[in-house]
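Number of protein chains: 4
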Amino acid sequence: MNTKETLLDLFLDTRKHSEAICKPLQKEDYVVQPIVDVSPPKWHLGHTTWFFEEFLLDSYLPGYKRFHDQYAYVFNSYYESIGARVVRTDRGNLSRPSVDEIYEYRAYVTQHMAQLIENHWKAELTPILEIGIHHEKQHQELLLTDIKFILGNNPLLPVYNQINDEVFVSKNTSKWIKMPAQIYEVGHKGEGFSYDNEQPRHRVFLEAYEISSELVTCGEWIDFINDGGYTNVMLWHTEGWDWVQKNNICAPMYWFEENNQWNQYTLNGVTGINKSSAITHVSYYEAFAFAQWKGLRLPTEFEWEAAQESFNWGKRWEWTESAYLPYPNYQKPDGALGEYNGKFMVNQKVLRGSSIATPTQHARTTYRNFFHPYLRWQFTSLRLAQSI
Amino acid sequence: MNTKETLLDLFLDTRKHSEAICKPLQKEDYVVQPIVDVSPPKWHLGHTTWFFEEFLLDSYLPGYKRFHDQYAYVFNSYYESIGARVVRTDRGNLSRPSVDEIYEYRAYVTQHMAQLIENHWKAELTPILEIGIHHEKQHQELLLTDIKFILGNNPLLPVYNQINDEVFVSKNTSKWIKMPAQIYEVGHKGEGFSYDNEQPRHRVFLEAYEISSELVTCGEWIDFINDGGYTNVMLWHTEGWDWVQKNNICAPMYWFEENNQWNQYTLNGVTGINKSSAITHVSYYEAFAFAQWKGLRLPTEFEWEAAQESFNWGKRWEWTESAYLPYPNYQKPDGALGEYNGKFMVNQKVLRGSSIATPTQHARTTYRNFFHPYLRWQFTSLRLAQSI
Amino acid sequence: MNTKETLLDLFLDTRKHSEAICKPLQKEDYVVQPIVDVSPPKWHLGHTTWFFEEFLLDSYLPGYKRFHDQYAYVFNSYYESIGARVVRTDRGNLSRPSVDEIYEYRAYVTQHMAQLIENHWKAELTPILEIGIHHEKQHQELLLTDIKFILGNNPLLPVYNQINDEVFVSKNTSKWIKMPAQIYEVGHKGEGFSYDNEQPRHRVFLEAYEISSELVTCGEWIDFINDGGYTNVMLWHTEGWDWVQKNNICAPMYWFEENNQWNQYTLNGVTGINKSSAITHVSYYEAFAFAQWKGLRLPTEFEWEAAQESFNWGKRWEWTESAYLPYPNYQKPDGALGEYNGKFMVNQKVLRGSSIATPTQHARTTYRNFFHPYLRWQFTSLRLAQSI
Amino acid sequence: MNTKETLLDLFLDTRKHSEAICKPLQKEDYVVQPIVDVSPPKWHLGHTTWFFEEFLLDSYLPGYKRFHDQYAYVFNSYYESIGARVVRTDRGNLSRPSVDEIYEYRAYVTQHMAQLIENHWKAELTPILEIGIHHEKQHQELLLTDIKFILGNNPLLPVYNQINDEVFVSKNTSKWIKMPAQIYEVGHKGEGFSYDNEQPRHRVFLEAYEISSELVTCGEWIDFINDGGYTNVMLWHTEGWDWVQKNNICAPMYWFEENNQWNQYTLNGVTGINKSSAITHVSYYEAFAFAQWKGLRLPTEFEWEAAQESFNWGKRWEWTESAYLPYPNYQKPDGALGEYNGKFMVNQKVLRGSSIATPTQHARTTYRNFFHPYLRWQFTSLRLAQSI
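Chains as they are written, first to last, in our numbering: chain V, 1 to 388; chain E, 1 to 388; chain X, 1 to 388; chain S, 1 to 388.
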């Protein structure tokens with residue numbers, strides 16, 4: 001159990017880290033929203049701050065005065081219930097509040113949160129604070145992937161920083177990990193923080209299967225491309241094929257061909273493709289088609305969780321075959337946080353693992369990430385499996 | 001195992017039944033396609049016929065000559081790979097071939113199939129014929145629901161026939177069926193026909209649960225409406241809520257309010273709502289929201305299959321919580337039929353059971369129907385469950 | 001001024017002619033609506049009939065009983081103001097009323113109109129009847145072009161009848177007709193029928209210009225294609241270029257290339273292209289781009305009208321440079337007919353002349369046809385002009 | 001004729017004025033593009049600069065080196081013809097180049113232009129420079145209206161500056177100006193600068209008409225609203241009515257109702273509506289519907305030009321009834337500038353006059369502004385007319 005002191009440290013470190021991610025940005029980079037799935041960095045900074053104001057300061061810090069009475073509207077995720085002055089807008093059109101104002105807002109809320117933790121803390125607030133901290137950590141990952149999208153879709157292809165976001169895979173040591181048919185336990189065990197979608201821990205029966213010890217590489221992906229993978233309708237889901245056709249998909253995101261050579265945009269600018277690095281920025285549709293082409297399949301999220309101790313993971317999110325569904329006996333939390341957090345989802349696929357963009361203390365073996373099957377701006381990859 | 005004779009009988013009965021379904025139609029009713037999910041009845045009649053020509057007659061009946069060289073194009077499901085004369089068209093714009101021509105086409109193919117079965121049969125053709133027959137049976141269900149949509153969305157609201165398509169539910173005898181936590185076997189056992197998505201039979205572990213012995217009623221649904229079910233965002237999936245808003249959904253399909261009274265279109269014309277009849281023509285989104293409102297949930301497809309011997313089913317398709325996924329160790333069939341039949345699907349929910357529109361010999365305890373979560377023109381309903 | 005007898009003859013002839021146009025159709029052809037601009041033939045037959053019921057029989061024939069109380073809704077042009085039973089539908093989804101029912105409706109209305117004209121006529125009804133007759137004639141032209149679209153976009157490309165809808169142009173006798181700068185009078189003179197948009201007659205000043213005595217030919221159009229006309233952005237309006245790109249336009253409607261040879265669908269089936277025939281089924285955007293390519297321009301509608309006595313016209317509608325605007329001092333008619341007829345239009349271009357689909361007594365030197373600039377399913381063509 | 005010195009002054013003043021308009025902005029305001037018709041202020045600053053680089057410096061200043069080799073791509077209007085590194089982007093997603101970099105770009109180009117004008121000038125460059133200057137002036141007007149849109153659609157409704165952008169109308173002195181039927185000359189006379197669409201000067205014949213000496217007021221518009229103007233289909237063009245319905249239009253842009261009182265966003269923040277001020281920010285569709293409601297009409301652009309000496313104008317752009325068409329004998333300019341400038345337009349309506357956002361020396365009696373009929377973010381208004 002976290003003490004008040006460790007909570008405060010964790011809180012302050014988390015707040016600092018969000019700002020550190022944005023350090024290399026110019027002010028203009030904070031503002032834009034090239035696609036609906038990407039949020040402007042300044043919105044992330046404001047939204048994670050609003051969370052603490054909304055669910056902690058406003059109710060529990062005596063005499064707290066909100067920084068600005070319109071920010072609750074501006075930085076909430078959902079603009080549905082609005083008053084008279086409804087204006088046509090979305091996140092990417094909001095030039096105000098300015099970046100400086102948002103940093104002031106952050107400082108104001110951080111400071112008042114420190115007061116709350118130090119002087120007015122009650123044990124019952126700890127779970128809310130933990131959710132707020134992990135909520136901000138989750139947005140830190142989005143911050144980095146959204147920044148990559150914003151810069152990587154700018155015609156000047158500016159460098160973010162000296163980070164090399166590639167990950168190397170050794171196919172020499174690649175092997176099939178055999179897993180016997182039996183009942184496995186999955187889900188969060190209950191010590192430490194987890195999101196409610198990782199609970200309750202429960203039993204699943206898995207038929208025997210094998211799972212690869214390594215991720216698929218860029219070299220294998222180039223073989224897939226050269227073998228006509230993107231033009232063979234038989235490999236694709238019906239909706240995946242529509243997506244390929246409509247968007248002229250012919251390679252992973254950030255790849256482009258010049259002089260018969262594949263290049264890519266990375267956070268460190270444009271580089272060539274290293275055949276030994278893990279394939280990244282592919283959609284579930286692409287991952288599935290690749291597995292079909294190999295005569296193999298993706299693991300389910302439970303196959304992944306059951307076997308994860310036997311392989312290295314953590315640099316890339318890994319698509320699974322599983323649709324995102326609540327666990328048996330899942331209970332939506334009560335109250336405002338439940339309303340905020342417990343959105344029901346359909347049509348999304350589970351990803352397991354974590355990525356180089358995942359902040360420290362945010363990866364867990366039971367973590368269930370989920371995205372629509374066509375999305376690929378996250379650091380997504382895949383690991384193959386087969387029934388035996 | 002079916003003999004040649006029983007196969008021929010089954011084949012001929014199936015062919016006749018498709019035509020019997022269309023008996024009450026006027027020629028114009030065969031032609032239209034009000035929404036993309038509905039096909040014109042004449043297309044169903046032609047498409048099911050084309051299947052036999054494509055996969056049996058053309059290859060196995062000596063000297064067979066296709067009825068018309070363009071019909072393979074017109075009655076295939078997919079218009080993707082086409083020659084030079086590509087024309088802007090879709091099923092609902094095809095006035096030709098005419099209904100009479102399609103009936104001639106049917107007679108021609110039926111007669112040649114009889115020849116093939118009687119005079120040139122080989123055991124290896126039986127599985128293909130069985131698929132063709134079940135394919136036509138599956139389209140018979142669609143025929144009836146598509147006809148209901150075509151007539152029920154015509155401002156004259158014409159009667160189809162004297163069929164009463166309502167189903168009554170006795171809530172007096174309603175009870176919770178308790179199912180223990182254990183490993184269950186699910187999937188087709190291997191005798192008799194099944195689709196390949198029902199295989200292979202395999203083990204699943206289910207935590208303890210209860211499932212209702214009865215379907216939800218229209219009376220309960222009116223309570224849901226009156227309690228603001230369609231306007232309470234907290235009950236809905238994010239995408240379900242978008243669907244409600246965008247389409248102004250406020251009641252099941254075919255319901256309309258007049259003088260503060262709910263009415264509905266049935267195959268027998270407009271009638272009032274009987275509170276004891278099973279709710280029908282609701283989407284998965286609506287089924288889910290209703291279960292939320294009740295503080296309960298939908299069963300998974302495996303919970304349904306494990307418990308199905310303990311309740312009555314068969315008049316309504318029942319939404320489950322399960323996303324449509326291939327079973328462990330599923331193998332896509334080889335060859336042309338595999339290409340035709342083995343389409344990969346995402347973003348669809350499994351329905352279990354069968355409906356009053358399901359033809360005889362087409363219902364199975366392991367049958368997995370699947371549709372997008374917003375669809376509701378099938379005879380869909382729901383049964384509630386809860387973890388214990 | 002028309003007498004009662006000539007009115008009755010004109011009325012009956014008009015009614016018969018609509019039905020004669022549909023004679024070669026199969027019932028299914030009456031039903032479909034491949035694009036929003038095309039109406040199902042049975043809708044044309046019903047709508048023109050409804051007009052007489054709505055504006056004459058219902059008010060002026062003593063004791064008249066409407067044929068069906070829902071037809072006013074079904075056959076009105078606008079579905080906006082509807083009662084409780086609003087159903088999702090549009091013209092191309094209406095299988096009912098059936099073709100037979102619509103012919104009964106026609107006979108019923110025609111017969112009652114004959115009674116009205118013979119036994120209850122008043123002079124003040126003559127203008128309404130004339131509008132009704134010309135309204136039906138206008139729909140006769142649409143009937144034929146809509147039928148051509150329905151059949152010409154069917155993969156079986158069925159023949160409508162033995163009509164050859166091509167028109168030959170003699171370039172040997174082609175010449176520039178010089179017109180001096182001066183005030184011209186344009187608009188309907190006031191004897192005989194005209195639509196209100198042809199009035200009032202008024203003066204326009206035209207700077208000196210020349211106009212071609214002949215239409216552009218298919219041979220010239222092939223030169224335009226071969227010279228890259230459809231791929232040279234400099235020749236096109238911004239919106240025309242978007243239209244070309246989005247719809248992959250590379251030739252007139254109904255043209256398709258096979259074995260390096262251009263063919264076309266005509267009402268008489270598929271034929272080759274005769275280089276001497278008038279180019280047809282081109283949009284305003286294409287007509288404009290062609291004129292740019294030639295270093296010439298389209299005439300304005302007034303240039304066309306001022307010069308029309310000096311050239312042959314009548315087989316093709318001719319695009320002009322003029323936007324469709326009301327004439328100076330135009331007064332919208334009062335009352336229900338005004339509401340029905342006096343729709344204001346923007347973003348449409350005027351076409352002058354008439355076509356082989358225009359029924360007798362419906363062409364006038366002052367007739368102002370108008371369509372959106374991207375439409376081309378009418379028998380459209382062009383004649384070139386230049387300032388001097 | 002401008003001398004080198006006056007040209008340089010005019011050039012430098014124009015460059016300064018663009019930057020002065022942006023003075024009150026925060027950096028973030030430069031970046032966003034809330035709707036496609038609005039451009040980010042930083043794009044305007046870069047685009048107007050690129051024009052001088054592209055059409056003058058690159059060809060005529062010896063030894064000139066472009067500031068950045070990608071800017072020609074970034075700041076051109078059209079992204080159609082691009083090389084290999086095509087990226088998904090549009091103006092509102094471009095965080096780079098940064099605002100500071102664009103100001104450096106501006107300074108670089110301004111300074112080199114001064115060198116060119118002072119040291120290497122040739123008379124033949126004067127027309128190009130004049131177009132460049134007027135091009136930038138035209139963008140100055142867009143800058144201000146785009147800024148108003150960006151701030152006026154932000155939920156914080158920030159103030160731009162102390163400018164009061166309202167214009168008062170005295171209805172006391174309002175009168176009808178009578179104009180006789182005769183030939184009038186319209187179009188630019190040839191001294192001083194004009195755009196090529198104002199030429200050639202030519203004759204038009206106008207039937208007798210009257211035109212109001214004053215613009216329509218907000219008070220009259222409130223009467224129109226209260227009389228159901230926005231809900232009476234009979235007043236609207238078909239496409240205007242669709243626009244009203246689809247976008248829930250019920251008042252001019254920037255108006256919103258609070259406590260039964262109309263308010264508006266102005267560049268100086270939110271204020272009430274002054275009934276004596278000129279109605280502003282209405283579309284052509286609204287202007288037309290208002291005129292219908294009054295039983296009057298809009299003037300044509302020629303009626304406006306013929307009468308303009310008799311009334312005050314210049315604070316608001318005035319919608320006319322005229323579609324935007326080239327003048328008789330209009331010749332598209334040759335060469336690159338022609339390609340850049342001579343885009344053909346359809347479906348746009350002419351506005352005459354100028355507005356409070358129009359920079360000095362940019363208003364002309366023959367100026368032809370044109371926009372799609374649904375647009376209203378410019379300072380648009382209307383003046384009524386009638387035929388007599």
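Hints in this document: simulated from the structure, not taken from any laboratory.
Worth double-checking, as some hints may not be accurate.
The list treats identical chains as interchangeable, and a pair is accepted whether it falls inside one copy or across any two copies.
Here are the simulated DSSO-like cross-link-like pairs (lysine-lysine), alpha carbons at most 27 Å apart as the crow flies [said to hold, decoys possible]:
(1) Lys27 <-> Lys16
(2) Lys122 <-> Lys16
(3) Lys27 <-> Lys4
(4) Lys332 <-> Lys137
(5) Lys178 <-> Lys332
(6) Lys175 <-> Lys332
(7) Lys294 <-> Lys332
(8) Lys189 <-> Lys4
(9) Lys137 <-> Lys16
(10) Lys171 <-> Lys65
(11) Lys175 <-> Lys65
(12) Lys23 <-> Lys332
(13) Lys16 <-> Lys4
(14) Lys246 <-> Lys171
Review point. Of the hints given before, which are not true for this structure?
Key: 3, 10, 11, 12 and 14
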